[in-house]
Each structure stands twice: as structure tokens, then as C-alpha cells.
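Protein chains: 2
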Amino acid sequence: MSKEVTYTGKYYQGTRADLVDKVSKQMSAKRLQHVLRVEEMALALAEIHGGEAEQVSVAALVHDYAKERPDNDFLERISQGAYPSDLSRFGNPIWHGLVGAELICDELAISDETILQAVRLHTTGAAEMSQVAKLIYVADYVETGRDFPLVEEARALAFKDLDEAVAFETEHTLNYLVTSRALIYPKTIETYNHWVVKK
Amino acid sequence: MSKEVTYTGKYYQGTRADLVDKVSKQMSAKRLQHVLRVEEMALALAEIHGGEAEQVSVAALVHDYAKERPDNDFLERISQGAYPSDLSRFGNPIWHGLVGAELICDELAISDETILQAVRLHTTGAAEMSQVAKLIYVADYVETGRDFPLVEEARALAFKDLDEAVAFETEHTLNYLVTSRALIYPKTIETYNHWVVKK
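Quick mapping for you: the protein sequence lines, in order, are chains Y and L.
Each residue of the first sequence is one higher than the one before, starting from 3 at the first, in the working numbering.
Each residue of the second sequence is one higher than the one before, starting from 3 at the first, in the working numbering.
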């Protein structure tokens, strides 16, 4: 990080260092580095496209908070909460965002709905996305540690046009899922129909 | 047709020739030939995989009954009926099956729910499909007039394993839609998640 964001207590009751410490206890050192790179990228994109640095920083730092939780932690909450009836079949890639937001709210006392919604949507996107949700969705895809065939094109697009970057990521993610015969969460299709389909 | 199916009145109050006549008045000569080829293919597949010839014949003959209706006929019914709220954006490819079933029921007095459901699902498939629905879905894709790169592979599969043919068609249709950046109806993803995704 070139410049660290100062926290005012608006979104998290503690310093940024406190939050990084809490997050680091939930994941491997490798994943923490990814999280810090997502924060750096999201802040860089926010400087260009707009977005409040403190809110973006908190959202980025917590986006993968629940990624390494055991399946049963999610399944228990899914069985008790108001979730789609077939959510249990979609696994960690969907749970760690959608149900992860609930854990972040409970365990970190972060209740800002824009941050929580950005976490919920960070692997699927949505038809309607806040600026923060777009920044996290895109930064997670193009942070400097990512390495896949089209990453440089995606990254250049992210700096140029955030909405186009949302569309690019959605299209290529869906393509990848279909080619891999992987489960597709219905929300991903809402995102695709809204952002990718030519009007 | 090598052998024409004799109608007993169980599904349609008239002869097969009467039904072909009614259907022919709704479409171009070219589309009628497609419809007759779907019937022929669906009956051939039913002989191998099972399926009552009379029910299969009626479902095949009516599957594209509403294909050439003007958009307003569909939009009027969508605004009055119990349809998904965003159905109006999906256009004729989805409407002619889903709403077309209603027209078939009203105008041809065909009320067999298996036939109507096969019509509703013939462009999207579904997680749960009757034997008739599978036969129409697959026959529509591999009838002898179809010509696309993988049609021979799809046709061979249809004769060998109907469920595998449903999966093949679903996977390649979804691939085509994503590659074309075309709208994807959510039901298509239910079909994909059920039939294509590896368990």
C-alpha cells in the first residue's frame, strides 16, 4: 500500500490495523496477501471512478473473511436463515459471500448495508450493484496477483471503464463455468443478462 | 412419415390430418416441414426409448404452433397471466413455448398437461422433464433438417441415450447463447445445473 486509509469508526469500531489483524486470524498468509491486494486495487480504482476510500477499504478487507470456514458453519446458518431453498448445493464459492456477510456482521460488528451487500455479491455480481460492489467485484478479478490469459485486458479495462470491466468479468466467468460444466448460481445469470447482453 | 399415427381422440378431438391442417394455417410452409420432421424424429426416438406415439405426435405437431404470432398476442397474455415478472423481456424464443401452450389449450382444445408442459419447455428444458418433454426437446434439436457443426454427434447421441442428448443439447445451447451474448432465460440454467453439471 502506498497510502494507508485512516479509519474514523464510521464502518468499523477500530483501526485498519485492528481489522487486518482480525481478518488475518481467519485465513492463510497467502489469502491475506490476496485480500490486501484486493484492497489496494479497489482503492486505486476508487480514485479514478469514485468511491469512499474508508468504505472501500473495509469492504475489500472483509470480502473473503469467511472463505476458509468449514462447510458446516455455512450449512447451519443456511438451514436457519432466509436463504434460497437450493443454496446448500452451491458450495463455498457462493456461501462465503452470501452467508459470509452474516458472519462479518455478527463477528466484526460491521453493519453498513453497502459493505455487506458488496461482500454478498462479490462472486456473482448482480443486476443492480453499488459503486462499492462494482469495485470489489472487479478488484477481486484483476488484483495484481491474478494470472490468467485475459487478466491484462481485464485490468486495463478496469482502469478505463468500471462498468465495462463488470461486463467483461461476468462474460468470461460465465464462459469459464459453462466450459468447466460447473454449477451456475442463478444470480450470475441476472448479472449476465443485465451487464453483458447487448441492448 | 413411414407410418402415420392414428388418433383416438384421447388428446385431440379430430384426426391427425385435421391437426396438421390447423397447425399449417399458423405458419409458413417451411416451418410446417420442420414441424413434421420433429414429429418424425420424436416418434423414431419414442420407438427406441419409450413414449406413447399418439401423445408424442400431438406434442410434436403443436410445439411451434405459436411461433409466428405477433409479439402483442404474447405481451397481452403475459400482462394478464401468472407469468414471471420479467418474462416480457425474453421475446419470442421463450414466449412461443411458455405462452404458446396457453394458445394451444384455448384454440385447439388440447388440455393434456404432459403435452402442454412439453411445449412450454421445448426451448429451455427443465430440471424435471417427462419422457414426452425430453423427446420434443431433443427432436427439435436433431430433426433431419437441422444443420450445425455438431448435429450429427447430437443425433447419434439421441438414438443412443436420450438423457445424454438432453445434456448435450443444453450444454451446447448455453455455450452458444453466452458466446452470442444473448439473453439467457433462468430456466435454462436450472436445466444446465441438473443435466450438465457433473455430480
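Be aware that one or more of the hints could be misleading.
Since the list gives no way to pick one copy over another, a pair counts as held whenever it fits inside one copy or between any two copies.
[Stated by the list, open to error] Straight-line Cα separation of at most 25 Å, BS3-like style, residue types lysine-lysine; simulated pairs:
| # | residue 1 | residue 2 |
| --- | --- | --- |
| 1 | Lys69 | Lys200 |
| 2 | Lys200 | Lys5 |
| 3 | Lys189 | Lys200 |
| 4 | Lys189 | Lys32 |
| 5 | Lys27 | Lys162 |
| 6 | Lys162 | Lys32 |
| 7 | Lys200 | Lys12 |
| 8 | Lys189 | Lys24 |
| 9 | Lys12 | Lys189 |
Keep in mind the hints are simulated off the structure, nothing from the lab.
Note that the structure is predicted; figures quoted are calculated from it, not measured.
For each hint, the structure was consulted:
no., hint, in the structure
1, Lys69 / Lys200, "between (34 Å within a copy, 23 Å between copies)"
2, Lys200 / Lys5, "neither (39 Å within a copy, 46 Å between copies)"
3, Lys189 / Lys200, "both (18 Å within a copy, 20 Å between copies)"
4, Lys189 / Lys32, "neither (29 Å within a copy, 38 Å between copies)"
5, Lys27 / Lys162, "neither (35 Å within a copy, 54 Å between copies)"
6, Lys162 / Lys32, "neither (29 Å within a copy, 48 Å between copies)"
7, Lys200 / Lys12, "neither (39 Å within a copy, 45 Å between copies)"
8, Lys189 / Lys24, "neither (30 Å within a copy, 41 Å between copies)"
9, Lys12 / Lys189, "neither (30 Å within a copy, 42 Å between copies)"
Of the numbered hints stated above, those contradicted by the structure are hints 2, 4, 5, 6, 7, 8 and 9, listed in ascending order.
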